[in-house]
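> For the record, the sequence lines run as chains A and B.
Take 1 as the starting number for the first sequence in full-length UniProt numbering and just add one per residue.
Take 1 as the starting number for the second sequence in full-length UniProt numbering and just add one per residue.
Since the hints were made in silico from the structure, they are not lab data.
Hints are supplied without guarantee of correctness; some may be wrong.
[Claimed, not checked] Simulated coverage check for chain B against chain A, where a stretch passes if three residues somewhere in it have a Cβ under 8 Å from a Cβ of chain A:
| hint | region |
| --- | --- |
| 1 | 92–102 |
| 2 | 129–135 |
| 3 | 179–187 |
| 4 | 211–225 |
| 5 | 267–275 |
| 6 | 352–363 |
On a predicted model such as this, the values are computed, not experimentally measured, just so you know.
C-beta: ideal position from N, C-alpha, C; glycine also.
2 protein chains.
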Amino acid sequence: MVSVGAKGTAATAGTAARVRRVGVVGLGLIGGSLALRLVARGFDVVAWNHTPRPYGSAERAGVRCAASLADLVAAAPDVIVLCNPLRAMPEILRALAALAEDGALDESVTLTDVGSVKGMVRDQVKAAGLADRYVGAHPMAGNEKSGWDAADPALYDDALWAVTVDEGTSYRRFLDVAELITAGVGDRMIVLDDGTHDRAAALISHMPHVVATALANELTESDDRNVAVALSAGCWRDMTRVALTDPDRTRAMVEEDAANVEALLRSMADRLVAVADLLRGEREQAAESRDADAHTPQAMLDFFADADPFRAYKAAQPGHLAAGDHPRVTVMVSADGWRGELLASARRGEHIVRIDAERTFTALVRSAL
Amino acid sequence: MVSVGAKGTAATAGTAARVRRVGVVGLGLIGGSLALRLVARGFDVVAWNHTPRPYGSAERAGVRCAASLADLVAAAPDVIVLCNPLRAMPEILRALAALAEDGALDESVTLTDVGSVKGMVRDQVKAAGLADRYVGAHPMAGNEKSGWDAADPALYDDALWAVTVDEGTSYRRFLDVAELITAGVGDRMIVLDDGTHDRAAALISHMPHVVATALANELTESDDRNVAVALSAGCWRDMTRVALTDPDRTRAMVEEDAANVEALLRSMADRLVAVADLLRGEREQAAESRDADAHTPQAMLDFFADADPFRAYKAAQPGHLAAGDHPRVTVMVSADGWRGELLASARRGEHIVRIDAERTFTALVRSAL
Numbered sequence: 001m002v003s004v005g006a007k008g009t010a011a012t013a014g015t016a017a018r019v020r021r022v023g024v025v026g027l028g029l030i031g032g033s034l035a036l037r038l039v040a041r042g043f044d045v046v047a048w049n050h051t052p053r054p055y056g057s058a059e060r061a062g063v064r065c066a067a068s069l070a071d072l073v074a075a076a077p078d079v080i081v082l083c084n085p086l087r088a089m090p091e092i093l094r095a096l097a098a099l100a101e102d103g104a105l106d107e108s109v110t111l112t113d114v115g116s117v118k119g120m121v122r123d124q125v126k127a128a129g130l131a132d133r134y135v136g137a138h139p140m141a142g143n144e145k146s147g148w149d150a151a152d153p154a155l156y157d158d159a160l161w162a163v164t165v166d167e168g169t170s171y172r173r174f175l176d177v178a179e180l181i182t183a184g185v186g187d188r189m190i191v192l193d194d195g196t197h198d199r200a201a202a203l204i205s206h207m208p209h210v211v212a213t214a215l216a217n218e219l220t221e222s223d224d225r226n227v228a229v230a231l232s233a234g235c236w237r238d239m240t241r242v243a244l245t246d247p248d249r250t251r252a253m254v255e256e257d258a259a260n261v262e263a264l265l266r267s268m269a270d271r272l273v274a275v276a277d278l279l280r281g282e283r284e285q286a287a288e289s290r291d292a293d294a295h296t297p298q299a300m301l302d303f304f305a306d307a308d309p310f311r312a313y314k315a316a317q318p319g320h321l322a323a324g325d326h327p328r329v330t331v332m333v334s335a336d337g338w339r340g341e342l343l344a345s346a347r348r349g350e351h352i353v354r355i356d357a358e359r360t361f362t363a364l365v366r367s368a369l
Numbered sequence: 001m002v003s004v005g006a007k008g009t010a011a012t013a014g015t016a017a018r019v020r021r022v023g024v025v026g027l028g029l030i031g032g033s034l035a036l037r038l039v040a041r042g043f044d045v046v047a048w049n050h051t052p053r054p055y056g057s058a059e060r061a062g063v064r065c066a067a068s069l070a071d072l073v074a075a076a077p078d079v080i081v082l083c084n085p086l087r088a089m090p091e092i093l094r095a096l097a098a099l100a101e102d103g104a105l106d107e108s109v110t111l112t113d114v115g116s117v118k119g120m121v122r123d124q125v126k127a128a129g130l131a132d133r134y135v136g137a138h139p140m141a142g143n144e145k146s147g148w149d150a151a152d153p154a155l156y157d158d159a160l161w162a163v164t165v166d167e168g169t170s171y172r173r174f175l176d177v178a179e180l181i182t183a184g185v186g187d188r189m190i191v192l193d194d195g196t197h198d199r200a201a202a203l204i205s206h207m208p209h210v211v212a213t214a215l216a217n218e219l220t221e222s223d224d225r226n227v228a229v230a231l232s233a234g235c236w237r238d239m240t241r242v243a244l245t246d247p248d249r250t251r252a253m254v255e256e257d258a259a260n261v262e263a264l265l266r267s268m269a270d271r272l273v274a275v276a277d278l279l280r281g282e283r284e285q286a287a288e289s290r291d292a293d294a295h296t297p298q299a300m301l302d303f304f305a306d307a308d309p310f311r312a313y314k315a316a317q318p319g320h321l322a323a324g325d326h327p328r329v330t331v332m333v334s335a336d337g338w339r340g341e342l343l344a345s346a347r348r349g350e351h352i353v354r355i356d357a358e359r360t361f362t363a364l365v366r367s368a369l
């Protein structure tokens, strides 16, 4: 199905684009949308999917489709992006490792992925012996849908990607992926280590999904459930929305980032018990003093004030500030320290949008907490 | 400022309307919107506010404004609705008790309120010696705004009210309030005891506000906060939205329903720790068995399945089913058992929309969990 034709004309960045042909493994919502986006931006895209069901539609849209993973590799992509479900990752990595062993997968080909956890994927990449060529990536893109039929290149409009690196990551391969994301897909990126990524993802998504489910369970197990749901309004609707999504997918996501989610759940439980203890103390004090106005302790005031930096951050967010309206900075990195220097940039709230030269990046400055 | 004129022509229900003149104490968002709504529906509305600031605008809109609480009482309303902030409640109740003592506040006048907690208000009403004439009420209406300038009669469009009663509640006074809400304001209502109301409100609003704040604190106290907020999407936005509202108001709301919130926070903490323990168990088992695929225990599957009735309830909710499209039932109550019979109706998911006769109601049937 694949014919190794002339390489496409990739969109060019400030540096000469090294990546012109991209292999996409998996044509679901994320992979399919990425393939369509890259085709629209002038890349030569070759894709393989575990079933050829989307191939007719994909080929009409300009995506070359490979009959097998080996055929995709034979098409000699510069970068292969693994967009398969995480549960299929070990098997696909073993197949790629075998192709590398045979010499079919050239040493120059860079491997990346779009998985929502990075530590587990890197462990699997290492187990397959492919760590040398790997750079982790995770686009903040998606919606409630799934599958090729929902694929839409606009899914990547102004999206932020996390790119994860470790001590073994080759700077050349990092640039391949960084260029693909910025000049190629037209998106923003921040550079992290796997641990920072997975802790942050647990904090703003994986752990809250468990909290939302626990809230829903508090309702379903209450004798007052029909009264409570009748009285519920926006607060309840918003705080339980993610409990309505596919529970198997949520459970898998939580289990894939288990250590971080576990620690955050214990921390959240401690916070809730601390407030419960303060409320009990206030009631006891009010009962003792026969004073209807309970005295609010400083710790209770502190609990509510501790969220002030987040309130200030949200208040400072412009509704829809165009990318061009953010201040820009130049981020220069050293040959030895680039990983830590780019992580520090991410921690300052900078989003890289362009590679200007070998070690010089342009970043948008977002407000920080 | 008040002239005791001819009574207005109130909208009529299935029964002859007993309530034609309504006193509204407090012209903030909730009280101001109620006053405007009642004027629009043909009631004679007399209002008192702790400052006359809104009076010019209110009088132009048809609301008669009283120079003092005594003047409002002198206008001889059939029902007085306390829409003042809860912190002002004890003082206003003492003033009303003094007016009752003097004979200025007639025994026939029914007292109700719109407070978001019912047990505490009833305790204050009892302390003021006004329990005989009191029926609790709480409209599920409101938005992010406050004050007279934000008042809008549309705030009560298709709103649900909780009406709370206890063993001492007069059936006649209950009907006054029920009729005011259904035929008068044009809304739905459910009838509860204070405890059920306050437990339900803690479950779907007060406790979740604490959870949202704890989530925000988890972010603000994290070293990864700027990375995490950069990666955050809809899940985080929705689950922390209510943490952005006025923290003093949230704290007061939580403290007013302290016992219920305390119990629910401990229950939530237990749920989160249980999931944390399950995640630890899964990791230990995976490490021992050297099996990358951790075996998910039944308890973890159960945690995610326990929310299924809520998922089914939400899936069964029509997007915007018009009131007329819901099935209707007739709810008949006995002279002795009406409180329990109406509570049972609420627990079945029925919303009362009309008083057909002395002890016969029409209710819409909402889907139940």
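> Hint by hint, where does the structure go against what was stated? Just the numbers, ascending.
Violated hints: 1, 2, 3, 6; rest satisfied.
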